[in-house]
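Top line first, the protein sequences correspond to chains A and B. If you count by our numbering, then the first sequence holds residues 110 to 313, one letter each, in order. If you count by our numbering, then the second sequence holds residues 110 to 313, one letter each, in order.
No wet-lab data here; the hints were simulated from the structure. Bear in mind that the values here come from a model prediction, so they are computed numbers and not experimental data. Please note: incorrect hints may appear among the correct ones.
The list treats identical chains as interchangeable, and a pair is accepted whether it falls inside one copy or across any two copies.
[Claimed, not checked] As a list, the in silico SDA-like pairs of lysine to any residue whose alpha-carbon atoms are at most 25 Å apart:
1. Lys-128 x Ala-305
2. Lys-152 x Val-186
3. Lys-152 x Gln-268
4. Lys-222 x Ser-298
5. Lys-128 x Leu-299
6. Lys-128 x Gly-248
7. Lys-128 x His-286
8. Lys-128 x Ser-303
9. Lys-249 x Arg-176
Protein chains: 2
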Amino acid sequence: MIQHPGNVFVVSAPSGAGKSTLTQRLVRSVPDLIFSISFTTRKPRPGEVEGRDYFFIDDERFDAMVREGGFVEWVEVYGHRYGTGRDWLNGVLATGLDVLLDIETTGAMNLRKVIPDARLIFILPPSAASLEQRLRSRGKDSDEQIRIRMHHARHELEQYQAYDYLVMNDDLELAYHQFESIVYATRASLGRMSPAARRVLEGF
Amino acid sequence: MIQHPGNVFVVSAPSGAGKSTLTQRLVRSVPDLIFSISFTTRKPRPGEVEGRDYFFIDDERFDAMVREGGFVEWVEVYGHRYGTGRDWLNGVLATGLDVLLDIETTGAMNLRKVIPDARLIFILPPSAASLEQRLRSRGKDSDEQIRIRMHHARHELEQYQAYDYLVMNDDLELAYHQFESIVYATRASLGRMSPAARRVLEGF
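Could you put together the complete structure from these sequences and hints?
See the structure below:
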């Protein structure tokens, strides 16, 4: 179990559901919220920066971290491994700031085991057809890759009941507003605000 | 138990904590949210309108409604009785819209018994001193009335642990943002969004 003074948010979504747009805007707009940086064995894509987008490590180092219990959760996706570093997460949580972790459904389930009060948020595409349309319009994937992504998306969607919140990304503004609201509402939750309430009460 | 397709929110606060300002703004700003109208035995104050601010009824009628089980909850405060009408509430909830109920802590506990998934929100003053200051600056109450209100406020604050959310009204803008966020976050909660998620999943 990981103790933490700040809130932990996890966001998952099938590829093409708009998760990157939503999380990037959230982290820019909401104060005192840190975006998680994962470790990965995949190679950097053009524009990706070490220590900002990912910590890029090789298979040997990843294996070693797995053996040492260095990951809170890790998964393999499309032949590459991704993991949330335990020391990294503990370091960020010790600051008292809130943290947003972007992880796959399997990783999210594993994370909940060590941080039971993490708030799990799933970004829903409005429909299978619209998801496929978005994947095609990005022009990044072959037909075969899109077929695999759609298959994977279905598998991820099947886990929706494990999440606390489902944000439907039909209208981007509304979706963003809901996404941000989850962070602010969590900051006003009883568990978070009890110490402040006790202090007020003591003054009466 | 009352079945309902919409969300039920309850807001409580000691007098002077800024609840009216926050709730009025919320109901003006958030679509598909109805503000509850209570029944009361107290007389209308200048500017109050029957059927908008309250349903004003006499003691005899209130007694009859109590006997007939016509209230979801009712309480007596400062010699007057206030209650949430069961038929009224069922009627509003049947529309599928969300409802915001403004009720005392005792009433809120009673309401939770019939609507267990109601979200209970407590507005916290930043301190006892600031609450007393606000009550004095309103110029509506005598010293003795303020003493009674402060005593009552302490009693209400002692119930804070029964609430889901505590909104500290120190900075009004931040408090309003948190208050509104609770509504939008609840609309994205798993229970609320499950039918939509199932529909999306069926398309895959």
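Hints and how they fare:
1. In this assembly of identical chains, Lys-128 and Ala-305 lie within 25 Å of each other by CA distance solely across copies; the values are 18 Å between and 33 Å within a copy.
2. Taking CA atoms no more than 25 Å apart as the test, Lys-152 paired with Val-186 passes inside one copy only; the shortest distance there is 13 Å, against 67 Å between copies.
3. Taking identical chains as interchangeable, the C-alpha atoms of Lys-152 and Gln-268 are never at most 25 Å apart, the minima being 28 Å within one chain and 54 Å between chains.
4. For the identical chains of this complex, Lys-222 and Ser-298 are neighbours both inside a copy (21 Å) and across copies (20 Å), given an alpha-carbon limit of 25 Å.
5. In this assembly of identical chains, Lys-128 and Leu-299 lie within 25 Å of each other by CA distance solely across copies; the values are 18 Å between and 28 Å within a copy.
6. In this assembly of identical chains, Lys-128 and Gly-248 lie within 25 Å of each other by CA distance solely inside one copy; the values are 18 Å within and 51 Å between copies.
7. Within a single copy, Lys-128 and His-286 get their C-alpha atoms as close as 14 Å, and across copies as close as 23 Å, so both meet the 25 Å cut-off.
8. Proximity of Lys-128 and Ser-303 under a CA criterion of 25 Å is satisfied inter-copy only: 19 Å between copies versus 32 Å inside one chain copy.
9. Taking CA atoms no more than 25 Å apart as the test, Lys-249 paired with Arg-176 passes in neither setting, with 35 Å inside one copy and 69 Å between copies.
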